[in-house]
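Peer 1: For reference, the chains in residue letters:
There are 2 protein chains.
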Amino acid sequence: MPRPKKAAGLAVGVVGASGMVGRELLNVLAKSRFPVGRLAVFSSGKKARSVLFRGRRLPLAAPSLSALRACRVVFFVSSDEVSRRWAPALAQAGAWVIDDSSAFRLDPSVPLVIPEINAAELSPKRRLIAGPNCTMSGLGLAAAALHRAAGVLEIRAASYQAVSGAGLSALEEFLSQARAVSGRLRAARADLFAKELRSLRPNVLPRAIAYNVVPQVGGFAADGYSGEENKVAAELRKVLAAPKLAVSVTAVRVPTLRGHALAVWLRLKRPLSPAGARAVLKKAPGVVFVDSPSYPTPAGVAGRADVFVGRLRRGARPDELALWVVSDNLLKGAASNSLQIAQELLRRGWL
Amino acid sequence: MPRPKKAAGLAVGVVGASGMVGRELLNVLAKSRFPVGRLAVFSSGKKARSVLFRGRRLPLAAPSLSALRACRVVFFVSSDEVSRRWAPALAQAGAWVIDDSSAFRLDPSVPLVIPEINAAELSPKRRLIAGPNCTMSGLGLAAAALHRAAGVLEIRAASYQAVSGAGLSALEEFLSQARAVSGRLRAARADLFAKELRSLRPNVLPRAIAYNVVPQVGGFAADGYSGEENKVAAELRKVLAAPKLAVSVTAVRVPTLRGHALAVWLRLKRPLSPAGARAVLKKAPGVVFVDSPSYPTPAGVAGRADVFVGRLRRGARPDELALWVVSDNLLKGAASNSLQIAQELLRRGWL
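Chains S and L, in that order, are what the protein sequence lines are.
Last residue of the first sequence: number 540 in our numbering, and the count goes up by one each step with no gaps.
Last residue of the second sequence: number 540 in our numbering, and the count goes up by one each step with no gaps.
Heads up, some of the hints might be wrong.
Chain copies aren't distinguished; within one or between two, either way the pair holds.
What the hints assert, rightly or not - Taking lysine to any residue and the SDA-like style, the derived pairs with C-alpha atoms no more than 20 Å apart in a straight line are:
hint	residue 1	residue 2
1	K220	L381
2	K458	R506
3	K384	L364
4	K236	A376
5	K236	D296
6	K384	A494
7	K236	A377
8	K384	R368
9	K314	G416
10	K220	K384
11	K384	V217
12	K220	R378
13	K220	R493
14	K433	S483
15	K433	N419
16	K220	D380
Hints were generated in silico from the structure; no laboratory data involved.
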C-alpha cells in the first residue's frame, strides 16, 4: 500500500510559507528527495500572495481545517498563536504535524525532537511533533553527544543570535538601520559613533541592533532570565532527558544575518579530556568538528544544515569543557530539522 | 614646591596620539581638570602628521628619549613594541609612565592598576604603571566588588568585543566591508546572504567581521585559548590579587564600533543573593548598576567612562551569579583608566 502513495507523492502543507523559515523550508524541501506530491502553502495573511516552489508559483491561502486535513503532513513555521489554533485539531484528525513554534515543545504529551538525538521519541500515537528553539538545536546536538559520553551536569552558554531568528520584519529593521548609518561612519571619528547610533530608533526589536548587541530575546521572567534563555534551558533538559541539568543561558541578539553562535561551558560527571571530547564530537551525527586554529563563524556556515563545533578546550575547571557552536538558525535551527523529522517518519513507513 | 608646578601645568607626553585610544585620551585630557602644561604628542609615524588638542593643532613627532624625558608623565597608547622600546628606560630616567599596552602588565615589578580596585599598588618607586586589557577592565571592576563581598572562586565570561579594540585599521576594514555589502542585502533574500558575505575578504582581522562574529582575538596558545583570553585571565588574577582564581574566557569580536560587553558567570565562596550583589554593585565605585528590565548595550554606553552592569541573576548553581557587563573599550578600557591613574598620582603629590 505505501508504495503507490510514495510514487504519487505526499500531500504536504506548509503554514507560514512566506516567512523566513517558511522560505527556507520550501528551499530544502525542493532540494530534498522528500516525495512532495501536492504542496499546499498557507499564510496568516500579510504581505506575500504566493511563493515559489521548484520553479512554480503557488498561491498562498489562509489556513482552514478542511484544507489542512487534506494534507498527510503539515509543517507549521508560523507563530505560536497559529500553531495553537490549528495544530492540535489537525493532529487529532490524523494528519502528521511538525510544529516549529514554541507552543507545544514543553507539553509532556508532545515529543520534542532533534532526530540525531531522540528520534526514538517519535510514535504513530503522537502525531503532533515539536522541533526545538533555533538557539537550542546546535547546542543540543553538541551537548547530547558529550552527555552520552560523560554525563553533563552543568551548562553555561552565551549566545550570539542572528537577527533572522527574530523574523522578517526584525531583519528588515536591522538592514534599514545598517543602510541608514553605514555611509556616515568614519573610523577616524569614533567620537561621533554614539551620536550616529542614537539616531536609530528600534521598532520591532527592543533596541537598535545595527552596530550593537542586545542582551534581550523575549520578555524577562521574575527570575531575571529572558523568555529565550528559559526556553533553551527547559528544552535542553527535555531533549537530553536530563530533568536536573543545571543550565544558565545569556541570550544576546547580535548584528548578524543568519547563523546562531554560542560560547558554551559544559561541566561533566565523568572525566573526559578535550582530546576525548574531540573524538566524540568527530563521530557525532549532524556535527562537523572544526580543529583549531580554524573555527566556524556564522557567515562561514550560513546555508549549511550541519552543526559546527570548534574552539574545544578545557573550561574553568578540570571537569569542564569550553566550546564554540555555530549553526544556521533557519536550517538546523528550524527548516532542516523539521524536514529531518518528516524524513524519519517516512523511513518508518508512517507517512 | 608642588604648587607652582601645578599652576604652570605639567609637561605631558602621549605616545601613539593619533591612534584610536590616543585620540580618546586627548579628548578626555582636554575635558578634564588635569593640569596639562606643555603637551608633546608622538607617533610611530604612519598616516597622521598632527592632532588636535583643545582647539590647537599639535605636530606629531617620532619618539626620542630626550623628548620623552622632558615630560613629567608620559602615556603610552601605542603597540607593545613601542612600549617595550621606550617605557622602561623612560621610567628609569625618572618620568612617570602610564602604559596601556600589554607589554608589562604581568611583570611582577610593574603595578597593573584599575584605580577603583588597587590604587594602593601605586608607589613612587614604581614609575612604570600598566593599565589593563580593555576587555578586562569592566569585568575586573564588577568582579572586584563581588570578590571583596563574597570571594570569587570561578569566572566564566564570553565577550562581545567592538572592532575599535583592534585599532584604527581594523575599524576601517570593518566599515568598508559594511559599506560594500549593506546596500545589497535584502531581508526577503536570506538565501543569498552567504554568497554576499563570501565576497568580503579580511586583511587586518582574521575573518570578515561585517555581519559576522569571530571567536578569535589574538593567536591561539597550545591550551586552545587565544592571546586575549589568556590575557584577561592572567590580568584578572593579578588585579584581584587572586592567583588561584579559575577563569575561562571566550573572546569574540563582534560587528560593533565601540563598547565591549561580556556575559559573565561568577561562582562565589560565600553566599550572596542577587539582591545582595545588587546592593554591592550599586555602591561600587566606577560601576553603574542597571536594574532589569533595562540593561546596558554597547551603543547605549559609547562615550561614557563608567562600567555598566545589568542582567544580574542567579547562575547555573545557587552559589553562582550571572551578569552582563558593558564598558567603552576606548575609555574605561584604556584612555579614561590611564587618566585616572595620572589623577591618582597627582592627588598623592607625586606629579
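Peer 1: What are the numbers of the hints that this structure violates, sorted from low to high?
Peer 2: 5, 9 and 14
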